[in-house]
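2 protein chains.
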Amino acid sequence: MNFFDKALDLDSADEGHLRGHTLPEWANMVGPFGGITAATLVRAIEAQPDVHGQPVALTVNYLAPIADGDFDIHTRAVKTNRSNQHWIVELSQDGEPKTSATAVFGLRRDTWADTEITAPQAPAPAEIERAQSPFGVVWFDNYDLRFVDGAMPVHGAASDSSTTTLWVRNNPPRPMDFASLTAVSDIFYPRAFLRRGHFMPAGTISMTVYFHAGAHEIAAQGDGFVLATARAQRFSRGYFDQSAQLWGRNGTLLATTHQIVYFKD
Amino acid sequence: MNFFDKALDLDSADEGHLRGHTLPEWANMVGPFGGITAATLVRAIEAQPDVHGQPVALTVNYLAPIADGDFDIHTRAVKTNRSNQHWIVELSQDGEPKTSATAVFGLRRDTWADTEITAPQAPAPAEIERAQSPFGVVWFDNYDLRFVDGAMPVHGAASDSSTTTLWVRNNPPRPMDFASLTAVSDIFYPRAFLRRGHFMPAGTISMTVYFHAGAHEIAAQGDGFVLATARAQRFSRGYFDQSAQLWGRNGTLLATTHQIVYFKD
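Residue numbers (this note's numbering), protein chains in the order written: chain P, 1 to 265; chain F, 1 to 265.
Please note that the accuracy of each hint is not assured.
To be verified - With a straight-line cut-off of 27 Å between C-alpha atoms, the simulated DSSO-like cross-links for lysine-lysine are:
hint : chain 1 : residue 1 : chain 2 : residue 2
1    : F       : Lys-79    : P       : Lys-264
2    : P       : Lys-79    : F       : Lys-264
3    : P       : Lys-79    : F       : Lys-79
Just so you know, the hints here were simulated from the structure itself, not pulled from any lab data.
So that you can see chain P by itself, here it is in the shape it has in the complex:
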């Protein structure tokens, strides 16, 4: 089993209660990579016997760093409608809340459809060198990252633009699903690093993901690369936002995702 699926391997305790544990392979600067935590919460809902539909929207709030070791996840279906279902999920360690989330699952049905935006221009992943983690962050090794634009500012150059575009896929490759797409939503390093040309304390406080693709469209991506592009809109008094799109190799807009990040600089 690869480290992605191993991280999402939860034990079912009581109804709506699951147990998991952190893996050293997903370590970030403080606690695990936020994307793997978000993916774990999606998987926890998917594992519920009364789940209704597929992920449509997810908001994850990072309350406090998750320590190395076991964690508990409590899921609660707050409301089940004919065509959708609303969840509240909480992750804790020894009774201390660490992460909270709300999720909307829903049915998808045929309607008029259109993608109004276009993917950024990018050379094929094979034409770009694979990125190395600039400060030895462990979880980077679980991804194959190829920067098209806005790579980490290792040379100390500030940028006028906060835009980063990169190809990303799981390493080793695995078939894409809602959980892996959720994790990729948090793949971007803090936009303030790029604008300022240096590292600083920064971390995601809250992340929202809107899943535009259903299970079939996601499965059609196979284990291929996702083209991920993100930018900030405003940096002010310790916080900035980030809006991003995740595109399939075949040009499908799989997800749009937003977050608010704290920083000190």
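Assemble the complex: chain P is given as a structure, and chain F must be docked to it using the hints.
Positioned in the frame of chain P, the structure of chain F alone reads:
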């Protein structure tokens, strides 16, 4: 007292428990305007004696229509850190959950700052005629809306673009605060109406607001107009997203806001 403040006039019951009631003046097609519900939840947190900091992020999930009458709001501070505080809020009627939300409140401190995007070009509000509600929706009367671009498609013309830009302020005017800015985040009619050139069943499922402005910057707007602009990125199988910015008259980016909407067409 104007209808905005009247809608937010909550009675405190027990600790973390407030009671309010719907007003006919805020009626939408089904239940009250989602923006006034979101604003009410922000106000409920602001009213808590242990509140720490100002609104930074808010996600509101619309579970089921709120019926005319009384409602209960339960607020819970899940985690209080030195510089921020995480909340879970639930609105119910007769024990039936109707709305859930998570919110991050936080302190603001001096940092490097920049607004990376620019406001849309727009004539002054005085140069634009005030919009009338095209199908007699009651809550419209609580706002002065002046469309710059992408007004309601009353003539049945489909548009290639989902962008709407408008000036908006409370009617009667009142000083801007976090609650009123929250309500304005939901001011846009469904983007699918504009793209399709006709009305259809549609409603917000989940809305997220990131507050870029602190209390001083918001107060500096007085009771002035906000320039609000929104667009969709993808419409697919019953859902579409919307990303929007709210700009102060003085060019301050006050908030960015996102939502996922269901539609049938």
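Query raised in the report: Which of the stated hints cannot be reconciled with the structure, identified by number in ascending sequence?
Result: Hint check: nothing fails, all pass.
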